[in-house]
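A.B. asks: Using the sequences provided together with the hints, build the complete structure.
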Amino acid sequence: MGAYTDRLNYDSPLINNFGYCMAVEKLMGIEITERCKYVRVIMSEISRVCDHLTCVAASAMELGAMTVFLYMIKAREYLWELIEDVTGARLTISYGRIGGMSGDLPEGFEVKAREMFKKVREVLAEVDKLLTRNRIFVDRLKGVGIIPKADAVAYGFTGPVLRSTGVNYDVRKHQPYLVYDQLDFEVPVGTTGDNLDRYYVRMQEMEQSLRIGEQVLERLPKGRLNVDHEGKEIEAHEMVDRAKMGLTRGITETLVQLSPNLEGLEDSMYDQITAKEKRAVLPAKRDAYGNIEGLMNHFMLIMNGNGIRPPQGEAYFAVEGANGELGFYVVSDGSDRPYRVRVRPPCFPLMAGLHKMLEGYMMADVVPTFGSINMIAGELDR
Amino acid sequence: MPEPSVTLRKIREQFGESIIETHSRLGEDTVIIQPQVLVPVSTFLKGDPDLDYNFLMDLTAVDYLDLKKKPRFEVVYHFFSLAKKHRVRIKVPAEAKNPEVDSIVSLWAGADWYEREVWDMFGIKFRGHPNLKRILMYEEFQGHPLRKDYPIQKRQPLIGPGAGS
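Residue numbers (the numbering used here), protein chains in the order written: chain V, 1 to 382; chain E, 383 to 547.
Since the hints were derived computationally from the structure, they do not count as laboratory data.
Don't be surprised by glycine CBs; every beta carbon is placed ideally from N, CA and C.
Take the hints with a grain of salt, since some may be wrong.
Derived pair list, reagent style DSSO-like, types lysine-lysine, alpha-carbon separation capped at 30 angstroms [claimed, not checked]:
#1 V:K173 <-> E:K467
#2 E:K392 <-> E:K466
#3 V:K26 <-> E:K451
#4 V:K112 <-> V:K129
#5 V:K173 <-> E:K428
#6 V:K37 <-> E:K466
#7 E:K467 <-> E:K515
#8 V:K173 <-> E:K392
Facing chain V, from chain E, some residues (calculated, C-beta under 10 angstroms) [what the hints assert, rightly or not]:
#9 R407
#10 N436
#11 M439
#12 D440
#13 D445
#14 K467
#15 L489
#16 A493
#17 D494
#18 Y496
#19 K536
#20 L540
#21 G544
C.D. replies: In structure tokens:
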């Protein structure tokens, strides 16, 4: 199921992933680990920056600012590189798991993330110089596509578009999930609800997301490294060699690096990243291959007719997606297949109220206004 | 039993007989109401100063055919109050035959598309909706795809240029 949520908002699939996981975790009463919470936060914020970068880039390009588009897509590329390092994919990431994650952060993530954040900030500063006081750009946006506060609320707008009207609503602040209540960030709001305000809000939100990301990097509960019994790092092939030579002293306590496609699933990291929850979480690979309990646990989650079985009932869980409140309403009949999953997409109400932002303006104003709501078809149609 | 939330308490006080069930499982206030009080309940939720539900966050439906629940459908509303930071879920049952509930477009403009989506996907009608047309599927589409008895192998009529030849 989680993989389907990648396709909702393809600019920020990680947020969708985690939103769905957290809805099911709520239904099953699973408490995820501290490290997992932090990892989910940082990956969500990286996704949010990617999403806003794409939105601002595309709408600027549609107004003729091709350079800005190229610069911002370059910045997105930096972040996608990070995402690729962590999840192994760029868009269809399938990284969230009910009860945890498919793997831990790779080694060297922190250093690389800091470097990439710095580069993204440079691009944002450049874009700021190119656009924010650019007469042509400002004239196309200012006073165009205004939506009054009352209308925005009546249509159920959320996210940057709602905040541009001056309504301060952000799920991360109002009903904090994960560890957002322990992090220091601001929610930028606009005043008039025009296209320029939406541009400002997105630009500032990116800075806030980077701030959150840096705080996470500082506080990320540390996981152990792969070390042997003497505290030295060791690779799998080396361990095999040693065993062949009969150097088996302490080998059972040795923690090894697995092959790269299992990276992040070493059992040293496993406890850090996944909840201790046999109902939902696949056992560490060493257990699945190494003992009968692990193997049975693995089968019980994988075999047809078994799997993750939330208790009968329903739950609604909302996260702050890049475009606004992304809610998952899940209904379970107690079996391993969801009875009903409803996605509350941020885009759908935005599109429902789009005409309010277009009526009374020029035909050419459709371009910046439509660009500023960041319509994502995958999430609109589901 | 923990204290019921202010929402549940006030709704029960106001609409005692028309409430089928209330609960707060997983901390989510839920009220199942008789269909005829949907509009009064919504108006009350929106207007009461202690409740102040100004957002219609979500509107959807669930087809309980496979679970043999009676009545078959439930229309589900998620309201949110920005000022009070609380949420409530209102559920309205609808019969299997000609399911129909009242529209709340007059209270929340955002209900317009949501109700059209529910009509499109589940075939539940909304009394008083200004423009109840399909929204995700095309007009010629037959049936309602999220009903549990929708035949997933069903062929749909072709539309567009050359469809007739």
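A.B. asks: Work down the list of hints and note, for each, if the structure agrees.
C.D. replies: Results for each hint:
1. V:K173 <-> E:K467: holds (10 angstroms)
2. E:K392 <-> E:K466: Distance ~15 angstroms between K392 (chain E) and K466 (chain E) Cα, so the pair holds.
3. V:K26 <-> E:K451: Judged against 30 angstroms, a Cα distance of about 24 angstroms means the pair holds.
4. V:K112 <-> V:K129: Since the Cα atoms of K112 (chain V) and K129 (chain V) sit roughly 26 angstroms apart, the hinted pair holds (cutoff 30 angstroms).
5. V:K173 <-> E:K428: Answer holds: K173 (chain V) to K428 (chain E) is near 23 angstroms, not above 30 angstroms.
6. V:K37 <-> E:K466: Holds, because 26 angstroms separates the two Cα atoms, which is no more than 30 angstroms.
7. E:K467 <-> E:K515: Not satisfied, since the Cα-Cα distance of roughly 34 angstroms exceeds 30 angstroms.
8. V:K173 <-> E:K392: holds (27 angstroms)
9. R407: Check passed: Cβ of R407 (chain E) comes within 6 angstroms of chain V, closer than 10 angstroms.
10. N436: Holds: closest Cβ of chain V sits about 6 angstroms from N436 (chain E), inside 10 angstroms.
11. M439: This interface hint holds because 6 angstroms falls under the 10 angstroms limit.
12. D440: Constraint on D440 (chain E) satisfied, holds at 4 angstroms.
13. D445: This hint holds: D445 (chain E) lies near chain V, its Cβ roughly 8 angstroms from the closest one there, short of 10 angstroms.
14. K467: Since the shortest Cβ distance to chain V is 5 angstroms, the answer is holds.
15. L489: holds (9 angstroms)
16. A493: holds (8 angstroms)
17. D494: Result: holds, 6 angstroms to nearest chain V Cβ.
18. Y496: holds (8 angstroms)
19. K536: Nearest chain V Cβ about 19 angstroms off; hint violated.
20. L540: Cβ of L540 (chain E) sits 20 angstroms from chain V, so the hint is violated.
21. G544: At about 24 angstroms, which exceeds the 10 angstroms cut-off, the nearest Cβ of chain V leaves the hint on G544 (chain E) violated.
Violation of the numbered hints given earlier is confined to hints 7, 19, 20 and 21; the remaining hints are satisfied by the structure.
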